[in-house]
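Add chain E to chain L, keeping to what the hints say.
Going down the list, the protein sequences come from chains L and E.
First residue of the first sequence? That's 2 in this note's numbering, and the numbers climb one at a time after it.
First residue of the second sequence? That's 2 in this note's numbering, and the numbers climb one at a time after it.
Careful, some of the hints might be misleading.
[Stated by the list, open to error] Beyond 10 Å from chain L on every Cβ pair, some chain E residues (computed): (1) Asp85; (2) Pro99; (3) Leu101; (4) Pro103; (5) Glu122; (6) Ile153; (7) His243.
[Claimed, not checked] With a straight-line Cα cutoff of 27 Å, these simulated DSSO-like cross-link-like pairs (lysine-lysine) come out: (8) Lys179(E) x Lys165(E); (9) Lys92(E) x Lys102(L); (10) Lys92(L) x Lys70(E); (11) Lys179(E) x Lys92(L); (12) Lys70(E) x Lys102(L); (13) Lys102(E) x Lys102(L).
[Stated by the list, open to error] If you anchor each label on the Cβ, the simulated ranges turn out as follows: (14) Asp71(E) x Ala160(L): 47 to 57 Å; (15) Lys119(E) x Glu181(L): 27 to 37 Å; (16) Thr224(E) x Leu279(L): 54 to 64 Å; (17) Lys42(L) x Asp71(E): 30 to 40 Å; (18) Leu205(E) x Ser111(L): 48 to 58 Å.
It is worth saying that the hints were derived from the structure and are not from the lab.
None of these values were measured; they are calculated from a predicted model.
Backbone N, C-alpha and C fix where the C-beta goes; we use that ideal spot for every residue, glycine too.
Letter by letter, the chains look like this.
There are 2 protein chains.
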Amino acid sequence: MADKQTEKQLDIQRAGDTGNKRPIMLAIAGDSAAGKTTLTKGLVTALGDDRISSICVDDYHRYDRTERKDLPFTPLHPDCNYLDIMEQHLKLLSEGQPILKPVYNHADGSLDRPVYVKPSEFMVVEGLFPLWSRASRACFDATVFLDPPEEIRRAWKVARDTAKRGYTEEQVLADLDKREPESTAYIRPQRAHADIVVQFSPILSRGETVEDPLSATVLMRPTIPHPDLHPVVGDDVNEAMHLKLLRDDDGKPVDALHVHSYASEEATLKAEEAIWNLMAVPEPLSDQLGMIDGQRDGPLAITQLILLFHLIQARHT
Amino acid sequence: MADKQTEKQLDIQRAGDTGNKRPIMLAIAGDSAAGKTTLTKGLVTALGDDRISSICVDDYHRYDRTERKDLPFTPLHPDCNYLDIMEQHLKLLSEGQPILKPVYNHADGSLDRPVYVKPSEFMVVEGLFPLWSRASRACFDATVFLDPPEEIRRAWKVARDTAKRGYTEEQVLADLDKREPESTAYIRPQRAHADIVVQFSPILSRGETVEDPLSATVLMRPTIPHPDLHPVVGDDVNEAMHLKLLRDDDGKPVDALHVHSYASEEATLKAEEAIWNLMAVPEPLSDQLGMIDGQRDGPLAITQLILLFHLIQARHT
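Isolated chain L (complex conformation) (with noise of 0.2 Å):
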């Protein structure tokens, strides 16, 4: 019986095999409104949509809105997604297979029809559970956690919620006070995967508040190469950015960018060109870096670029 059923399986592999090109994948995980889609954006823009694509694995929801009502959890927890599913799809996607992804409509709450989805050359996947098991990391390339400060990611998901989801000041705050427990028991350990994490916060020792630009805090895990930043972190480009070696909050040494909000556009201009020209690949460094509601924003773009190289190299490597 054995041996009937791994023949059989040999024959569904052999019929299957279509040979398609895996696609380089890098994961940005973190909360809701922890600025996943903006730095998701930059990215996309920056290598162009013939080459790169994006989903969301927040579409995996179990229950539309009007269900949700009456659940005791929110679409934070785990049995509130179809995660296998989203595990599935990944794997798929990173065979270089389509997928029929699920849509969940924010606007209404609604599940609509599911959309078809090929991977492009480089893929983002950003979402709540991207790190969610080992089954969904193993098909990444790179990993990312964004991280701000709970008093930004809230001022963020209010400003977000009520503008474009149709909710009231009131109704955002509740439902964060209600999502806490899950974000600490759901999203937040998947930190602890992240090669990279970035937290856009202001700079307390300076007297900066969340009213200020934000500086960045790229930590990089030795987790996966990083471009080494040491040769062009010198007196050249140290007014937009510095290099440190810590230790994380888990005790794991780390390098950790500081990418500094108070630097000119002309330094973390700079900075970029050294970082990109590290690489010696043909691409041309973007000017799309750091573009948010129209303006340019340097620690963004340093981090994208950052991000750009983990994609580039995975490529030519």
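Relative to chain L, chain E alone:
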């Protein structure tokens, strides 16, 4: 680069290996209104929905009814369907994996939210395209093509589509004419890939018409091991059925089991028992075979029994 790709693929495979048990899968292919659902229902009732489930693969429509109005093809055209996703889902089910299956709403022609389907011990997959490609066929343990005379299929389609899908008789007849070239090009060629071809039709040589109860012809191709019916088609059951060696339309040898509509219920029941006993399995013979609109139909019962035989035999070998 090749090594890096291979290593990554192995990593993905290892992380995703869940050791699921493969279901036994039966395909029932055929044109619209060929009787696929009726044949399927008896199998599901006989084995019980805790052991067997069925899916219809006509849900993989690329366009809804409104979008199709401006398109130059009918749902019988491969380009009107996500057949690559159908193949992918069949492969996943055949490996014991769940799928998120698209849903086409036949009542209003819209594409609805997808449904989660977990494979049962036995799966019946019915529809227009299950035998479409080598990749789809490889997923099945046995394959059936339903091949009623066109006159009968047209009458069935008019009866169903006017009663259940909101069309007028004129619309259905016009639709049948429009679909004819695509039936010829894409649906009927699948007959060549079936292990079993089933035809319900009147026995013209006995002067029967389409108004009479229909006899069944079950062509069993030597592509899979069929029940050896020689010991049972003796004098005891020859009122109910007889076996004949034929050349099929394509010139290849087949065993043709003719099941007579004129046989008494007693005679078909005796034949059913004789076939069932060939298997020597612990399951009792179901008394739910052959039911159609609350009435028992002998030729349908024996046809379903042959398929049941294949399902259960595949599980026990």
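Structure-based check of all given hints:
1. Asp85: Answer for aspartate 85(E): violated, closest chain L Cβ roughly 6 Å.
2. Pro99: Proline 99(E) not clear of chain L: closest Cβ-Cβ about 6 Å, inside 10 Å.
3. Leu101: violated, 5 Å
4. Pro103: violated, 6 Å
5. Glu122: holds, 14 Å
6. Ile153: Since the minimum Cβ distance to chain L is about 33 Å, isoleucine 153(E) lies beyond 10 Å and the statement holds.
7. His243: It holds; histidine 243(E) is separated from chain L by about 32 Å at its closest Cβ, greater than 10 Å.
8. Lys179(E) x Lys165(E): holds, 20 Å
9. Lys92(E) x Lys102(L): It holds: about 17 Å lies between the C-alpha atoms, which stays within 27 Å.
10. Lys92(L) x Lys70(E): violated, 36 Å
11. Lys179(E) x Lys92(L): Not satisfied, since the Cα-Cα distance of roughly 40 Å exceeds 27 Å.
12. Lys70(E) x Lys102(L): Given that 27 Å is the threshold and the Cα spacing comes to 25 Å, the pair holds.
13. Lys102(E) x Lys102(L): holds, 10 Å
14. Asp71(E) x Ala160(L): 47 to 57 Å: violated, 41 Å
15. Lys119(E) x Glu181(L): 27 to 37 Å: holds, 32 Å
16. Thr224(E) x Leu279(L): 54 to 64 Å: At 60 Å between Cβs, range holds.
17. Lys42(L) x Asp71(E): 30 to 40 Å: Taking Cβ atoms as reference, lysine 42(L) and aspartate 71(E) lie about 33 Å apart, which means the hint holds.
18. Leu205(E) x Ser111(L): 48 to 58 Å: Holds: the Cβ-Cβ distance is about 53 Å, inside 48 to 58 Å.
Hint check: violations occur at hints 1, 2, 3, 4, 10, 11, 14; the rest are consistent with the structure.
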